[in-house]
Each structure stands twice: as structure tokens, then as C-alpha cells.
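Which chain is which? The protein sequence lines are A and B, in order.
Going by full-length UniProt numbering, the letters in the first sequence line up with residues 1 to 196, in that order.
Going by full-length UniProt numbering, the letters in the second sequence line up with residues 1 to 196, in that order.
Just so you know, the hints here were simulated from the structure itself, not pulled from any lab data.
Just to be clear, a hint being listed does not mean it is correct.
Intra- or inter-copy, both count: the list cannot distinguish identical chains.
What the hints assert, rightly or not - List of simulated lysine to aspartate or glutamate pairs, EDC-like, C-alpha gap at most 16 Å: (1) LYS77 <-> GLU147; (2) LYS22 <-> ASP116; (3) LYS173 <-> GLU129.
Predicted model only: the values in this text are computed from it and were never measured.
There are 2 protein chains.
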Amino acid sequence: MAKAAKFDRQEVIDLATNLYWKKGFNATSMRNLQDEIDMRPGSIYAAFGNKDGLFIETLRNYTDKGISLIHQYEQEKDSPLEALKDFVKYQVITTKEDAPNSMCMLTKTINELTSDNQELLDITKAHIEEISQEFAKLIEQSKELGEINSEKSALELAKYLQVQIAGLRTFAKIDGVECNLDKMINECFDHYPFNA
Amino acid sequence: MAKAAKFDRQEVIDLATNLYWKKGFNATSMRNLQDEIDMRPGSIYAAFGNKDGLFIETLRNYTDKGISLIHQYEQEKDSPLEALKDFVKYQVITTKEDAPNSMCMLTKTINELTSDNQELLDITKAHIEEISQEFAKLIEQSKELGEINSEKSALELAKYLQVQIAGLRTFAKIDGVECNLDKMINECFDHYPFNA
DNA sequence: AACGTAATTGAACGACCGTTCAATAATTAT
DNA sequence: ATAATTATTGAACGGTCGTTCAATTACGTT
Numbered sequence: 001m002a003k004a005a006k007f008d009r010q011e012v013i014d015l016a017t018n019l020y021w022k023k024g025f026n027a028t029s030m031r032n033l034q035d036e037i038d039m040r041p042g043s044i045y046a047a048f049g050n051k052d053g054l055f056i057e058t059l060r061n062y063t064d065k066g067i068s069l070i071h072q073y074e075q076e077k078d079s080p081l082e083a084l085k086d087f088v089k090y091q092v093i094t095t096k097e098d099a100p101n102s103m104c105m106l107t108k109t110i111n112e113l114t115s116d117n118q119e120l121l122d123i124t125k126a127h128i129e130e131i132s133q134e135f136a137k138l139i140e141q142s143k144e145l146g147e148i149n150s151e152k153s154a155l156e157l158a159k160y161l162q163v164q165i166a167g168l169r170t171f172a173k174i175d176g177v178e179c180n181l182d183k184m185i186n187e188c189f190d191h192y193p194f195n196a
Numbered sequence: 001m002a003k004a005a006k007f008d009r010q011e012v013i014d015l016a017t018n019l020y021w022k023k024g025f026n027a028t029s030m031r032n033l034q035d036e037i038d039m040r041p042g043s044i045y046a047a048f049g050n051k052d053g054l055f056i057e058t059l060r061n062y063t064d065k066g067i068s069l070i071h072q073y074e075q076e077k078d079s080p081l082e083a084l085k086d087f088v089k090y091q092v093i094t095t096k097e098d099a100p101n102s103m104c105m106l107t108k109t110i111n112e113l114t115s116d117n118q119e120l121l122d123i124t125k126a127h128i129e130e131i132s133q134e135f136a137k138l139i140e141q142s143k144e145l146g147e148i149n150s151e152k153s154a155l156e157l158a159k160y161l162q163v164q165i166a167g168l169r170t171f172a173k174i175d176g177v178e179c180n181l182d183k184m185i186n187e188c189f190d191h192y193p194f195n196a
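My request is simple: use the sequences and hints to build the entire structure.
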């Protein structure tokens with residue numbers, strides 16, 4: 001044994017996540033990151049490899065936090081459907097003002113990157129699929145409880161929800177104030193394909 | 001009078017549009033553009049001002065082409081609703097493989113840029129609103145023909161459609177092949193809020 | 001207290017960034 | 001033919017990019 005790293009890894013990753021999330025991968029420079037996380041280039045490269053490596057860790061961090069939040073809602077709420085609905089509202093409404101960026105970091109990355117960064121793209125896609133699976137689990141439970149009356153599979157409904165979230169968050173950034181997001185989200189759950 | 005510019009302005013803007021669309025604003029360098037449109041820096045700056053100026057022209061070009069296409073469908077198709085539906089399918093399905101980028105250039109820009117480029121952001125938002133208006137016009141006509149039975153206003157339905165397009169295009173880029181986009185789009189028009 | 005090991009530092013690298021501008025070329029008007 | 005005007009060229013600017021690495025520092029072990 002020798003020196004132990006003095007920086008708090010989780011704290012650093014959180015700061016990096018917020019900066020990458022705010023500015024996007026391309027617009028975030030290593031020097032921006034150095035300032036934000038207060039580390040010198042050598043330390044960053046020793047700890048995370050390179051710009052991509054750090055970004056990959058922040059993606060993992062972002063997705064883990066999202067999934068944790070789903071599980072938290074799952075425990076707090078009365079039904080899996082309520083948990084899901086509240087999570088969607090959190091993603092679209094709360095995040096709109098409280099987060100580093102009103103967009104989902106994963107869809108933002110999907111939007112920004114091209115095949116020039118195929119690895120990052122593939123990882124991002126896989127994370128979105130992970131969240132699909134979490135949604136599908138809740139929907140499956142909800143179906144068994146008879147809360148949902150739909151001929152569509154849980155995974156289809158999960159992906160339908162992700163379409164709505166992606167669309168609503170984009171729309172919310174454009175339209176600013178004058179739209180009732182809460183109502184629009186309720187309507188997603190009240191009508192087809194969630195309920196015929 | 002003296003020399004006339006020898007380059008074809010429309011052709012140059014088309015090439016620039018495709019490159020900006022493909023790579024995004026930040027990842028497209030002036031040198032990338034120089035190669036793509038075969039002009040030297042001095043000529044580009046004389047003709048378009050700077051990187052932002054050229055981008056603004058490509059945004060205008062992109063939006064104009066979109067609106068023209070809507071009008072073209074409007075003339076070709078039997079009903080305004082058919083025109084609208086076909087335009088949506090074109091945006092989501094055809095564009096997915098034939099275009100420089102499967103994403104809409106406008107929403108991609110909204111996703112990418114921050115307040116560091118407020119002017120570009122505002123212009124982009126305004127263009128999306130323009131397209132809202134075009135959608136609303138078709139929907140209004142369609143309502144008068146009795147094709148749509150909805151308590152929502154034409155503009156609300158137009159924005160609902162834009163949410164669906166933004167969501168579906170993101171989703172389509174993630175999910176790759178295994179989803180029936182055509183069916184999903186039909187369902188948007190067949191159910192609430194388009195038809196109760 | 002001295003040693004070995006690993007974390008940290010920060011200057012420096014070559015490449016590329018957006019942009020400028022003096023020099024040159026090409027066209028029209030005289 | 002000459003002059004006037006404007007488009008075009010491409011080298012060059014200062015700055016920033018992602019990244020490297022020799023030197024230094026700080027800690028656990030002996």
C-alpha cells in the first residue's frame with residue numbers, strides 16, 4: 001500500500017455527471033471538467049482513463065440514480081402504476097427546473113452523438129433499455145393487479161412511455177410555460193394504449 | 001458591378017445543412033464545412049459572416065424545405081389529415097434512413113445547445129413554432145371536414161403531434177429495427193386526443 | 001527514520017478551433 | 001486597354017482541444 005486517493009470518487013463523478021449532463025459530451029472540455037471537479041489532468045486520466053472513460057462512468061451513475069429512484073417510488077407509493085406515473089412526472093416536470101438540464105441525459109446523448117462515438121452510443125442505448133425493463137416490471141405488476149386494461153405487452157407499454165417522456169421533455173423545453181404537463185401525463189395513462 | 005460570386009449559394013447551403021444536421025452544431029468545425037462545401041475560409045466569412053451565421057441559414061433552409069413538403073403533401077393527398085399523416089410518417093420512417101441524421105435537425109439543435117448560444121436556440125424554437133402553425137392549419141381544415149372528433153384545439157393537437165414525432169424519432173434511433181413505427185403512427189391518429 | 005509505492009501536480013505536446021487579412025484573381029464599366 | 005470593384009485565396013493568429021509524463025508529494029510499511 002501507498003497513498004490512498006484523496007478525492008471522493010462518488011462526489012467527483014456526481015460533479016462530472018452534472019457538467020456532462022448540462023453541456024453535453026462535445027461541448028464539455030477536459031478543462032471544464034478539471035475546474036468543476038477540482039482535479040489536475042494527470043489525476044483524472046489516472047482515475048478514469050480519458051474523456052470517454054469519465055463519460056461512461058457518469059452515464060452509469062446517471063442511470064443508477066434513475067433506477068434507484070424508480071425503486072424508491074415503488075416502495076413509497078400505493079401501487080406500481082402510481083409509482084410509475086410519479087416517476088414520469090418527476091422526469092418531465094420536476095427535472096425541468098431542478099436538474100442540470102431539462103433533457104434526459106441519455107436521450108440527449110443519443111441525440112448528440114454519431115457513429116464517431118459508437119461505443120458511447122451503444123452504452124447509452126443499453127442504459128435506456130435497462131430503464132425500459134424497469135418500467136416493464138412495474139407495468140407487469142400493475143397488470144396483475146388489474147390496474148391496466150391493455151392488449152399490449154408490458155414492454156410495449158414501457159417503450160410507449162419512453163416515447164412520451166422523450167417527446168414531452170423536448171416539447172417542454174420549446175414551449176416554456178404555457179402547457180399543462182401534468183394533465184398531458186395523466187392523459188397518457190388514462191387513454192389508449194394504457195387503457196382502451 | 002464587379003465579379004459575381006461563382007459558387008451556387010443554394011447548393012452550398014444544402015451541403016452545409018446536411019453536415020450540420022449530421023454532426024450537430026458543436027461537432028461541426030469550420031474546416032469540416034470548408035471541405036464539404038469546397039470554399040476557403042475568407043469566402044465563407046464574406047458570404048455568411050461566421051459559423052453561427054451559416055448555421056442560421058441552414059436552419060432556415062431546413063425549415064423551409066419541411067414546410068414546402070407539407071404543402072406538397074397537402075396538394076397531393078385527398079384530405080388534410082392524410083397529408084398530415086403522410087408527412088409524419090415521412091419524418092419518422094423515411095427520414096430514418098434516407099436523411100443525414102435520423103433526428104429532426106430542429107429538435108436535435110434544441111437538445112444540443114444551451115444558453116451559451118441563446119440566439120441560435122431562440123431561432124430554432126421559433127422554427128418549431130412555425131411548423132406547429134402549419135400542422136394546426138391542416139388540423140383546422142380537417143376538423144371542418146369532420147375528419148377529427150376532438151375537444152382539443154387545433155394548436156393543441158399540433159403540439160401533441162410534435163411530441164409524438166420527437167419521441168418516436170428518438171425511440172426509433174434506440175430500438176433499431178424491431179418496432180412497427182407505421183402502426184404506432186396510425187394509432188396516434190386513431191385514438192385520443194385525435195379521436196376520442 | 002528511511003524506504004517503497006502510488007497519487008498528484010502542472011508544464012508541455014501536437015492538433016485543431018474559429019477567425020482575420022493582405023495579396024491575388026477575375027469580372028464589369030469606362 | 002485601363003481602372004474600379006469585388007470575389008477568392010491560403011497563410012497565419014491566438015486560443016483551446018485531449019492527452020502525456022517527468023517531477024514531486026504524501027502516505028503505509030519496515
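Quick rundown of the hints versus the structure:
1. LYS77 <-> GLU147: Classified as within; 14 Å inside a copy, 41 Å across copies.
2. LYS22 <-> ASP116: Result: close only across copies, 11 Å inter versus 21 Å intra.
3. LYS173 <-> GLU129: Between copies only: 12 Å across chains, 24 Å inside a chain, cut-off 16 Å.
Every hint, counting from the list given before, is met by this structure.
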